[in-house]
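Number of protein chains: 6
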Amino acid sequence: MQELKALVRAALAEGIGQGDITTNATIRPDSRCQAWLIAKQDGILSSTKAFRAVFDCLDADIHDWKAIHDGASFERGDRLIEFQGWTAPILTGERVALNFIQHLTGIATFAGEFRKAVEGLPVRLCDTRKTTPLLRKLEKEAVVHGGCTNHRYALFDGVLIKENHITGAGGIRPALERAIKGTHHLMKVGIEVTNIDELHEAIAGGADAVLLDNMSVEMIGEAVKICEDANVVVEASGNITMENVRAVAEAGVHLISIGALTHSAPAVDLSLIIKNV
Amino acid sequence: MQELKALVRAALAEGIGQGDITTNATIRPDSRCQAWLIAKQDGILSSTKAFRAVFDCLDADIHDWKAIHDGASFERGDRLIEFQGWTAPILTGERVALNFIQHLTGIATFAGEFRKAVEGLPVRLCDTRKTTPLLRKLEKEAVVHGGCTNHRYALFDGVLIKENHITGAGGIRPALERAIKGTHHLMKVGIEVTNIDELHEAIAGGADAVLLDNMSVEMIGEAVKICEDANVVVEASGNITMENVRAVAEAGVHLISIGALTHSAPAVDLSLIIKNV
Amino acid sequence: MQELKALVRAALAEGIGQGDITTNATIRPDSRCQAWLIAKQDGILSSTKAFRAVFDCLDADIHDWKAIHDGASFERGDRLIEFQGWTAPILTGERVALNFIQHLTGIATFAGEFRKAVEGLPVRLCDTRKTTPLLRKLEKEAVVHGGCTNHRYALFDGVLIKENHITGAGGIRPALERAIKGTHHLMKVGIEVTNIDELHEAIAGGADAVLLDNMSVEMIGEAVKICEDANVVVEASGNITMENVRAVAEAGVHLISIGALTHSAPAVDLSLIIKNV
Amino acid sequence: MQELKALVRAALAEGIGQGDITTNATIRPDSRCQAWLIAKQDGILSSTKAFRAVFDCLDADIHDWKAIHDGASFERGDRLIEFQGWTAPILTGERVALNFIQHLTGIATFAGEFRKAVEGLPVRLCDTRKTTPLLRKLEKEAVVHGGCTNHRYALFDGVLIKENHITGAGGIRPALERAIKGTHHLMKVGIEVTNIDELHEAIAGGADAVLLDNMSVEMIGEAVKICEDANVVVEASGNITMENVRAVAEAGVHLISIGALTHSAPAVDLSLIIKNV
Amino acid sequence: MQELKALVRAALAEGIGQGDITTNATIRPDSRCQAWLIAKQDGILSSTKAFRAVFDCLDADIHDWKAIHDGASFERGDRLIEFQGWTAPILTGERVALNFIQHLTGIATFAGEFRKAVEGLPVRLCDTRKTTPLLRKLEKEAVVHGGCTNHRYALFDGVLIKENHITGAGGIRPALERAIKGTHHLMKVGIEVTNIDELHEAIAGGADAVLLDNMSVEMIGEAVKICEDANVVVEASGNITMENVRAVAEAGVHLISIGALTHSAPAVDLSLIIKNV
Amino acid sequence: MQELKALVRAALAEGIGQGDITTNATIRPDSRCQAWLIAKQDGILSSTKAFRAVFDCLDADIHDWKAIHDGASFERGDRLIEFQGWTAPILTGERVALNFIQHLTGIATFAGEFRKAVEGLPVRLCDTRKTTPLLRKLEKEAVVHGGCTNHRYALFDGVLIKENHITGAGGIRPALERAIKGTHHLMKVGIEVTNIDELHEAIAGGADAVLLDNMSVEMIGEAVKICEDANVVVEASGNITMENVRAVAEAGVHLISIGALTHSAPAVDLSLIIKNV
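Quick mapping for you: the protein sequence lines, in order, are chains A, B, C, D, E and F.
One point on numbering: in this note's numbering, the residue at position 215 of the first sequence is 282, and numbering is uninterrupted.
One point on numbering: in this note's numbering, the residue at position 78 of the second sequence is 145, and numbering is uninterrupted.
One point on numbering: in this note's numbering, the residue at position 207 of the third sequence is 274, and numbering is uninterrupted.
One point on numbering: in this note's numbering, the residue at position 250 of the fourth sequence is 317, and numbering is uninterrupted.
One point on numbering: in this note's numbering, the residue at position 79 of the fifth sequence is 146, and numbering is uninterrupted.
One point on numbering: in this note's numbering, the residue at position 226 of the sixth sequence is 293, and numbering is uninterrupted.
Bound-form chain A, shown alone (with noise of 0.2 Å):
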């Protein structure tokens, strides 16, 4: 919570700066009012509570709080959030909370229609590290909330030795030596491959997970069943659509891992109206 409130503050003093000045000017100190979050659109909410640390932030006083929950559907039309509090806070942190809450929205309604393209299948969609700067957190509950899963949060908390990597270390068996002598013992050790043949490298080599980048769908099966074999886990990655995912579910990975979810999702059209009282 401190961590949201700082990255909130933030936010604030970016979209603020020294004061509002037209809210400063028009609105007395002294005014409350009733505020309303509406949707404009349909989808998931996510990230209630980065809009409300806003106001709170900004010691809006807020009463009277009722939201319906992260990762509830909604309609368009539908009264998302509705709060009482002091209307000059309120009105200077309404584009930082709507900010963050159209963003996060639009993540988690996103992976939810990726959720729903391989709707009974037992895969599970993953998000990658491709997220917003400073974000990552937050994007990655939204993902949550819109009914995927996380893959491993940073660089630090999985052991995955992409195309690069290999490059670098001169293939596929010495990257996995390396990795596998040079991590604690509680770590399993993934490995990206393009083909066939890396794949049987890869398990030859000691690779825990593979991921399988970019193949196409039938060679995804071929892979798959290799995998089974060999006990490894299978991820699909590469240019993952809504069209296209629900075939290399179906093609039998355990996980698919999709950069669009969060670093291309549209944001949803909310909007927040308030009244006197």
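Among the clues, some could well be false.
Any copy will do: because identical chains look the same in the list, a pair fits if it lies in one copy or spans two.
[Unchecked claim] The calculated BS3-like cross-link candidates involving lysine-lysine, where the alpha carbons are at most 27 Å apart (straight line), are: (1) K229 to K255; (2) K204 to K72; (3) K183 to K204; (4) K229 to K116; (5) K255 to K183; (6) K72 to K133; (7) K116 to K248; (8) K229 to K248; (9) K204 to K292; (10) K72 to K183; (11) K133 to K116; (12) K342 to K116; (13) K107 to K133; (14) K183 to K116.
The set of hints was computed from the structure by calculation and includes no laboratory data.
What you are looking at is a predicted structure, and each value in this text was computed from that prediction instead of being measured.
Fit chains B, C, D, E and F to the supplied structure of chain A, relying on the hints for placement.
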């Protein structure tokens, strides 16, 4: 620059955690490489300086840096940037660097498409405060790289009375009166109006600029004439799309502000490849 | 408030170092006292909130707080503030609290004297950016408490072309042209002029406001007439003293800005006394 | 230096906000200038390093720097500092740089006048903790540049029992006892006294130093004799002015501490002028 | 407290990283537990406040807190602290909380043993600046909890001329002269000496206190007599052990300072156990 | 490096306060010296970079730096590091630099002794999270310098279910189930067991690794055989001493983790001496 480095350092902390365990295990500290940033689709480049700062913050000892300039158009397959440096920090920083440049190039590219849509017309397309938390500065620069312009930066450097301020102040007149009186003498006062009656009231109240919110193209045309007579700056906003932007521009407004420029531009696909040297 | 507390904490760190060894040695932790802030000369109070924040930051458990309000006039011997709390943190914070309130009450008092000097005239007296580093916000508030008003806050929220900008830009015209083009549409453009020729050039160049720098009262009178015809805001500045301020005001300018308000106001003598309870 | 830069950066953030819109619009980024700091009155210089740090923090690429040294006397019209650099950051930093140097030169100049007033006498004039919040270090250096000396820096590096401590501790004796016992063995213990009885009590209680508060010159003379016999350091304080400081010094005290040195020194008028190069 | 919380937060950031993945996965957020801190060996407790602050910083909602006080002796098997709270944050904070309290209780316990070794003698045992980086404050408090006392805190609050200063200054005399002249009047001047000749020189030079470095007990005895005559405070230091400390004390020094108190005290074994409630 | 400098700066702030009054008074700013770090006992060096960073942070202008490398063994009397620089900052930084290097060399030396005790056996000795608050990174490096290896760094980069987690989760099975399901696919799951029954339950529950807590050597031997059959990583921990470590290793575990490595290593005695140059 100071500030950009702080931003980049925070993004690195988020993306690395306490160390890049894959790179540390697989790449020898004395390996150097040549690296290329390759375009996987057409676009307009933005934020090479954030991209570069990532590697500088990691002491990657970058040499032989060549880059097309921010604002330059590129095509799929182009090499946008190339450089040499230590392999390990380059791989450690790769994802964070790409996260910045793909997002911001996405905005510049999107802005460029809007700009193209109004080619030849004397209108200024500008951004809004609907930016990603903590990335406003870079996003506003990307908007300029894409050929559009910037609106006010924050709540501190421009007076713009929005619908909720009018509600809170008890009407257009009292809102304008207080704003004119409560702001220093180097500020203009702008106000949002949603119909012709409100426009007349705003002009009578002394507004220096008006924002026409979500009006039809016809009503915008009418409003423009009224504003011309009153010597008032006129801006249109609200649900501007690639499809309707030209019609709004042709209605004669001075500015069109477009939230989607910064909140819904998809990332542009860029890729970093390396070769040992 | 967040920001004020940060300022106060920094001042406490500076004024205490790693601990108040005198108080820690001499005062029992469970001693409580009644304290009074006493005026040793006449003045106008400012910054009770910084004074108070000092003791709150030290967890002095302040009770029964009574204070005259910021902006109130007082006379020698008056009790301005009284309160109860733990003796030790009150003594530890005493000097820092006094340093804030004596300095800022000094400014309010000085501003009040200037205000009195132009009593009955429709001029606005305002401050400048000649403030004490890191105290601008509090000093600008003190100026208002003393009955004057605020100019722009910083370099970000107002365009004011000064002599050195004109030199750097190669003249009044190019400076104005660039400023008008290079700023967003909610900003006016102001410029400093030192004689009537420059004033004409500024008006012709499209200035919205002019600052008459160091002109004689006669020349100011002449300038005021020209500005009235051109509908331009007119401000006088430069070596304004208690002696000449009324004459300048009578010449008809809209604003007079006075650096001395913030850079040369002497501290007002205030004293804290305590009684054990 | 680290610390000075942090202070200067905070002052720049305060004085600039999110960008210097006037300079950015009017000055070409590749313009260079020659700049001079000119004295508009006589004085003693202080804080050239803060002045310089402002431009370094803004990457103004300063060259050909010439400056008289801190502590040097100057006369109206003198060129105190001259240098070359980028015009834009020089104009952006000008006001902040002047705010530092005018304030601190004001203190050095004021201290120099006090120093002159006691010329030839073996007394030390020193400052107090009545400094401007966050500027203590620079102000204490300015006091030295003006020819006076420094008292303890903060509450941590000297034991000085003031009137309120005596009240809180229940008298001079218990206060001294606790202070002697409660402090490490490398500290002396000082105490404030207001009359001869208290002085005797302080000496009997083991004080190493006494501060004579607001005593008449006659009483000071009497106190000095008593202290000489007791081998106790003796300091006078309280309402010391340019008029009475010599008389107090002649009464034979070792030190005179003067709050006005730092809390009421008027700024010295200095001006920065530039020429394009 | 502010400061302690900042320290604890930094320790938590170090010990947790971006989240406690084991606890988050295994413990339901609404589980509460009863927890006990159990002693696995005898000792003297220190730093319950750091231990507690860990759980407060994690919002563990601690209730029914019972703890023996800092400085209390305990025996193997004793319950030192007990409390209730949310299970998840208690397990997340457990290790960090134990790291603080085991280390600091280790110091208090070690100090208590030294204290016991000189029981009945009028000597002060004190710590040195040989503390663990960033833990000085807590370690110095632990020293007091163990029955010893504190030397100066840092380089700022005491003048102590060590061997390297003497070398750098060119001898005992010039070092003392400069120190006496260069420090404010509330400071004593201490100096390190290694033999009787140096001791005589130090006293002649005006030292207020001497530190006898690594002298034999015989030489210490001789030095003590000389110091008594000169009314100089005398401290012994250098390789003081549990075995020789009593002999040194009996030689009559006022203080003995012992680096091992803080740099070599072994941690005391304490353990946290929980029960679901 | 960034991070190390921040740590060192914090340690310097703690150790100096607002200035080193002894050095400032006694050492001329233009004095330079040659300095040597001398071993007063045998050991293994660690953290030369923290030692060096202290002087760099103080701008000591270090030249002619020669140092044996971290991890090198040394004997009493050896010169470990030598360098030249400004005398004043070297003396100001001396204690802080020594505090780092003596503590960390203490850990490396202690780790080296443990390493020697299991010479020739294929076991990994590793550290725990029982590190000194804020020094974990340096301490873990010292462990490696001493010839041991590192366990997980923090709660974020490894799943290890401890006794309290089992209590909180309601048993070994539910704890393992939740951990396996709740963690990303690149993580192994480890669990603490205290007897053979628990071990069987852990293996049946899908544990990838087990920590044998405080078992007798005989029970460890039995556990090792069970783990070999199940292809599970096996680690022993709990009251490992220099005396019993070899027996535990010979029982066949893959790893032995030892809290004392970081929480109870005594400082190694090192000394800095200087000569004027």
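Right, here's what the structure says about each hint:
1. K229 to K255: For K229 and K255, the Cα distance is within 27 Å both inside one copy (15 Å) and across copies (20 Å).
2. K204 to K72: both (13 Å within a copy, 21 Å between copies)
3. K183 to K204: within (23 Å within a copy, 36 Å between copies)
4. K229 to K116: Classified as between; 25 Å across copies, 35 Å inside a copy.
5. K255 to K183: neither (30 Å within a copy, 30 Å between copies)
6. K72 to K133: Classified as within: same-chain Cα gap 20 Å, cross-chain 31 Å, threshold 27 Å.
7. K116 to K248: between (42 Å within a copy, 26 Å between copies)
8. K229 to K248: Both, since 17 Å and 25 Å are each at most 27 Å.
9. K204 to K292: neither (34 Å within a copy, 42 Å between copies)
10. K72 to K183: This pair counts as neither: shortest intra-copy Cα distance 33 Å, inter-copy 40 Å.
11. K133 to K116: within (12 Å within a copy, 34 Å between copies)
12. K342 to K116: Classified as within; 23 Å inside a copy, 32 Å across copies.
13. K107 to K133: within (18 Å within a copy, 45 Å between copies)
14. K183 to K116: within (25 Å within a copy, 39 Å between copies)
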